[in-house]
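Enquirer: From first to last, the protein sequence lines are chains A and B.
Going left to right, the first sequence walks through residues 1 to 359 as our numbering numbers them.
Going left to right, the second sequence walks through residues 1 to 359 as our numbering numbers them.
No wet-lab data here; the hints were simulated from the structure.
What you were told as hints is all true, and nothing was included just to trick you.
Pairs involving identical chains hold if they fit within one copy or between any two copies, as the list cannot separate such chains.
Taking lysine to any residue pairs in the SDA-like style, the calculated list, with each CA pair at most 25 Å apart, reads:
| # | residue 1 | residue 2 |
| --- | --- | --- |
| 1 | K214 | A341 |
| 2 | K214 | E267 |
| 3 | K338 | A6 |
| 4 | K338 | R92 |
Note that the structure is a prediction, hence the values are computed from the model and not measured.
One-letter residues, chain by chain:
There are 2 protein chains.
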Amino acid sequence: MTRPLAPGACVGVLGGGQLGRMLAVAASRLGLRCHIYEPGAMPPAGDVAHRVTTAPYDDTEALTAFAESVDVITYEFENIPTRALDLLETLRPVRPGRRALAVSQDRLTEKAFLAGLGLNVAPYAAVDDAVDLAEALDEIGVPAILKTRRLGYDGKGQVRLSSSAEAEAALAAMNDAPAILEGHIDFSHEVSVIAARALDGQVACFDPGENEHKGGILATTTVPARLSAAQRTDAVLLAGRILNALNYVGVLGVELFVTPGGLIVNEIAPRVHNSGHWTQNGCVIDQFEQHIRAVAGWPLGDGARHANVTMENLIGDDIERVPVLAADPANALHLYGKTEARAGRKMGHVNRITGPAGG
Amino acid sequence: MTRPLAPGACVGVLGGGQLGRMLAVAASRLGLRCHIYEPGAMPPAGDVAHRVTTAPYDDTEALTAFAESVDVITYEFENIPTRALDLLETLRPVRPGRRALAVSQDRLTEKAFLAGLGLNVAPYAAVDDAVDLAEALDEIGVPAILKTRRLGYDGKGQVRLSSSAEAEAALAAMNDAPAILEGHIDFSHEVSVIAARALDGQVACFDPGENEHKGGILATTTVPARLSAAQRTDAVLLAGRILNALNYVGVLGVELFVTPGGLIVNEIAPRVHNSGHWTQNGCVIDQFEQHIRAVAGWPLGDGARHANVTMENLIGDDIERVPVLAADPANALHLYGKTEARAGRKMGHVNRITGPAGG
Chain A
1 MTRPLAPGAC VGVLGGGQLG RMLAVAASRL GLRCHIYEPG AMPPAGDVAH RVTTAPYDDT
61 EALTAFAESV DVITYEFENI PTRALDLLET LRPVRPGRRA LAVSQDRLTE KAFLAGLGLN
121 VAPYAAVDDA VDLAEALDEI GVPAILKTRR LGYDGKGQVR LSSSAEAEAA LAAMNDAPAI
181 LEGHIDFSHE VSVIAARALD GQVACFDPGE NEHKGGILAT TTVPARLSAA QRTDAVLLAG
241 RILNALNYVG VLGVELFVTP GGLIVNEIAP RVHNSGHWTQ NGCVIDQFEQ HIRAVAGWPL
301 GDGARHANVT MENLIGDDIE RVPVLAADPA NALHLYGKTE ARAGRKMGHV NRITGPAGG
Chain B
1 MTRPLAPGAC VGVLGGGQLG RMLAVAASRL GLRCHIYEPG AMPPAGDVAH RVTTAPYDDT
61 EALTAFAESV DVITYEFENI PTRALDLLET LRPVRPGRRA LAVSQDRLTE KAFLAGLGLN
121 VAPYAAVDDA VDLAEALDEI GVPAILKTRR LGYDGKGQVR LSSSAEAEAA LAAMNDAPAI
181 LEGHIDFSHE VSVIAARALD GQVACFDPGE NEHKGGILAT TTVPARLSAA QRTDAVLLAG
241 RILNALNYVG VLGVELFVTP GGLIVNEIAP RVHNSGHWTQ NGCVIDQFEQ HIRAVAGWPL
301 GDGARHANVT MENLIGDDIE RVPVLAADPA NALHLYGKTE ARAGRKMGHV NRITGPAGG
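Isolated chain A, as found in the complex (with noise of 0.2 Å):
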């Protein structure tokens, strides 16, 4: 039985983003470091870790020494590719572990993977070619959405089909990617639970917040979210459901369509996740430390929420707000220290505070 890490210990976390820097400043309150290993030159996490790696994920000996120089590997997203998790799991415990990133890394494996394990998914097909599409749109009908089956995120790798004339276009979309195209779910709201389960099996989820999106990108998630006391439960069944079959160690997000005839889940992702920032200023421990506190082998804390809390994502040029919203007491304000504000990229975000825990 591995101990938990203790003060001094490192914590490696691959990729440097906002979620990096976030997961950072959580492993700093338990007296552990971070090394952060990013591609990518000057990223938001290095400014709160320990030490930081600049080099490509397919340079072997930037990975070995990144794996020597820690106790334990988690990262902040789930594209991580295979050449690279191959030789770190073997210097190191990566958490959470090979199968979850498996089944996330692959919309058709991820389908799969939930509807074996009896939860509702939209109805969905394998496509490769135009053969596949025109059989799976006679079958799922329209309206529908092809999507990569990798890679995809923020509404990127996505078409919607609203007639099987879209066919052609839709798949010339996908540039010959294996795809897959999912059914039309009518839903009245989106929500998702933030899930966590430590090394000992030990299984804690946060309350459920509502999500709305704008563009296909993530722009607010509201505690409480709409939610019938059966369907609250249902959402927290499930997703500890997932954390036992996968043997997960970290935190999970599971994004439910709230329908008429239950939860559908939509997908999975084995990390921390935007719509769980709300947890900074809503909870005790928060998902970042409640990720840190999994895969460092320690007890997960108190995840109850005690406050009502919107967060707000600041995208582009939003960040031009901050000077506002510092102003008003009610919004606690988390900046991820980018200097430029491109359209589309997350700058920050705001929690604002709308009172004490209640429904």
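Mind docking chain B on chain A? Use the hints.
Expert: Just chain B now, kept in the frame of chain A:
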């Protein structure tokens, strides 16, 4: 008029201990970087700083390079050598400013300043030699405490006198340093106010906390403190008066004795303060972010208290209690990453949530 610091700007912090560490974390939330200046190797703040300079305070070259790399300078302790300040001030704004340091570096100057504001302080007298001490004991009586005027903390450089027969030994313990004799105050308990003042003069105070010491070192701070409504108002008003008199920018700790006759100011600290650590889990904006907001020219945040909290310092071997403390969901841990647990060394603290905010 200075503009508020924007993402990517850098706050220079003199001192790399746990206070610097938590200041660096707070700065990261606002998108700012920290550059730590610390003579000692491997400072706790270095784990979460963008940059660390390891150099003594008399290294003119290092001080200059440090100042030129940052946008504003602050500090985590008040005993910065005068010559270092003389230099740094010519290169960048130092906040809080010189006046606050001059007052708090010398117990005699501090007492005179506070008394000059019309605030209640213990009876005191300057003691440079045996004649002074004999006169002071005549005037003030026993019990009394003889303290070095400068460089004392956590009870160091202090001797209690219960009779004038102890005068010689007490004076010897001062090692020829200029001293001050302070009369005994018959207080029921000690509280402290963590107050903040922004660049534009805006003032905000956290709710007073009640302090318990063990062996001259702060052991616990509890909110709410035992104070009448009138005493609470007094505490906040007198802190505001001190801030304004010093034209202060940043967070200031004010220690107060509670007596039947009212509040008596014990001492002030021109920095974030151990007795304000509870704000990390009791408020949306904690003392560290409040300090960074002030020195970075931002508006102050909301310091309203949402929880009842007891902060307990983890000193020396207390660090061995961490596994048990971590398993209790009421506890939020804050460890400093120190690997060597010497007796009396502050290794971390735990904020125990005892309920939602209430008297």
